Amino acid sequence: MMKKLSVVLACLVAATSSLAVAADKLKLAVDVPYEPFEFKAPDGTLTGFEVDLANAVCAEIKRDCEFVIQAWDGIIPGLLARKYDVIFSSMSITEERAKKVLFSEGYYNTPSAWFGKKGAGIDVTSMDAVKGKKVGVQRGTLQDDYVTNNMGESVVDIKRYTTADDLVLDLQGGRLDLVFLDFPVGESTILKNEAYEAIGENVQVGNGVGAAFRKRDTELADQFNAALKKLKENGAYDEIMKKYFAYSIKI
Amino acid sequence: MDSLIALLDNNDIFNVTTLLHYWSGFVTTIQLVFLSLIIGLIIAVPLGILRDSKNPLISKPIWAYVYFFRGTPLLVQLYLIYYGTAQINGIQDTIFWHILSEAFYPCLIAFVLNTAAYTTEIVRGAIRSTPKGEIEAAKAYGMSWRLRMRRIVLPSALRRGLPAYANEVIFMLHASSIASVVTIVDLTGAARDIYARYYAPFEAFLFVAAIYLCVTFTLIFIFRKLENRIMAHLQPLSH
Numbered sequence: 233m234m235k236k237l238s239v240v241l242a243c244l245v246a247a248t249s250s251l252a253v254a255a256d257k258l259k260l261a262v263d264v265p266y267e268p269f270e271f272k273a274p275d276g277t278l279t280g281f282e283v284d285l286a287n288a289v290c291a292e293i294k295r296d297c298e299f300v301i302q303a304w305d306g307i308i309p310g311l312l313a314r315k316y317d318v319i320f321s322s323m324s325i326t327e328e329r330a331k332k333v334l335f336s337e338g339y340y341n342t343p344s345a346w347f348g349k350k351g352a353g354i355d356v357t358s359m360d361a362v363k364g365k366k367v368g369v370q371r372g373t374l375q376d377d378y379v380t381n382n383m384g385e386s387v388v389d390i391k392r393y394t395t396a397d398d399l400v401l402d403l404q405g406g407r408l409d410l411v412f413l414d415f416p417v418g419e420s421t422i423l424k425n426e427a428y429e430a431i432g433e434n435v436q437v438g439n440g441v442g443a444a445f446r447k448r449d450t451e452l453a454d455q456f457n458a459a460l461k462k463l464k465e466n467g468a469y470d471e472i473m474k475k476y477f478a479y480s481i482k483i
Numbered sequence: 082m083d084s085l086i087a088l089l090d091n092n093d094i095f096n097v098t099t100l101l102h103y104w105s106g107f108v109t110t111i112q113l114v115f116l117s118l119i120i121g122l123i124i125a126v127p128l129g130i131l132r133d134s135k136n137p138l139i140s141k142p143i144w145a146y147v148y149f150f151r152g153t154p155l156l157v158q159l160y161l162i163y164y165g166t167a168q169i170n171g172i173q174d175t176i177f178w179h180i181l182s183e184a185f186y187p188c189l190i191a192f193v194l195n196t197a198a199y200t201t202e203i204v205r206g207a208i209r210s211t212p213k214g215e216i217e218a219a220k221a222y223g224m225s226w227r228l229r230m231r232r233i234v235l236p237s238a239l240r241r242g243l244p245a246y247a248n249e250v251i252f253m254l255h256a257s258s259i260a261s262v263v264t265i266v267d268l269t270g271a272a273r274d275i276y277a278r279y280y281a282p283f284e285a286f287l288f289v290a291a292i293y294l295c296v297t298f299t300l301i302f303i304f305r306k307l308e309n310r311i312m313a314h315l316q317p318l319s320h
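Just so you know, the sequences run in chain order A and B. With this note's numbering applied, the first sequence has no gaps in its numbers, which climb one by one up to 483 at the end. With this note's numbering applied, the second sequence has no gaps in its numbers, which climb one by one up to 320 at the end.
No lab work stands behind these hints, which were simulated from the structure alone. The model shown is predicted, which means the values in this text are computed figures rather than measured ones. Ideal placement from N, C-alpha and C gives every residue a C-beta, glycine not left out. Watch out, some of these pointers could steer you wrong.
As the list claims (entries may be wrong) - Footprint (simulated), chain B over chain A, 3 or more residues, beta carbon under 8 Å:
1. 320 to 333
2. 370 to 376
3. 388 to 395
4. 405 to 412
Build the full structure now, drawing on both the sequences and the hints.
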């Protein structure tokens, strides 16, 4: 009996002491994989533009950071439920989201683009040409809003996916005619296969991407803003950007 | 009616558009579950009878089928049938692609195969628990296997299997929520869309939970009525 009790006590002590350490760490949520912003390297380590940038910010504000992998669907509820303190996962700044979370200044913006099979010859600016086509988007993204509002369910058949992986798989499997994605994501997934191409002009949607905090964490947001500003000015930002992009996404 | 529309217009989340979205999701869920159960049952009854066949060429493949589909998660089966088939080289040019290119049919196939496996075991168990005396009596009358099945074994076995089958129906309804992972907008899919659009998990999911609950209670009610009716001969006599 005593033995059992002491084991339980030891466990409790271990659990509480690890909690005390964890409390100092700043937890950042990322939705993986979202190449080249955050993805796992072949050896399993987390890497990508935002991961590097977040590490630079953490060094700047002198906090220990830890990444938490969280699927996109639950990323805002997870923040509000204090599972982590910051969302650093290509979250575009929108009015609807700003009702729930506090955004930092934008730290990048990328264009969105249409992708499809090479030589399919679909004119994405013409409503007649896209009528009845199956269009894939990631559920709840700006691209989803763009297609839903500009074309609508009555014109195109909108298929919503939870992850970009599933969407690319269905495009390659032939279940989709077109997809509307963030350009860099499409570039590093769809365009790797030569049978596919970006269709038409790139489209700018939204106000860029910011880190998201709980509304009351204004102090943390200020720290992030100051750090990001400094990194953009001292060239560290450009260095990280060049590692992953051939073009500028700086704002 | 007008006041209802006015009320809905002032609501952020439950407006006419989202309610229609929920409605189409509800219709899809009911279609999917109903079709899976009907087709599954049609497959399962013969399989349940043949499962105990003395010929190993018949009983072993059925055993393997039931073992596989009861032994793996429905989600994995759905992924295999939806994403797996699309990876087969050249399948896009075959006639099967007409069926597989829409998300609904791969999903229906996965559900049918899954529910049929479970129902097969229910049917088999019910047949096995037929009282020996009834079978012996039938044999004594000189009934053939076929006649015995039709007149004696199946009528009582299907009655005995009904409570277990009612559970399977309800499990199927709940399991159908995973259809939303392959782009089907069923009830759960509709909730996920609305959740993603308004960032309102409680409103979106509590609402569908309530709908699932209503459907479940309706099913329970129907099955209880059915049980009372067809199993009346097994109930204790009332005074």
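Failing hints, ascending?
-> Result: no hint breaks.
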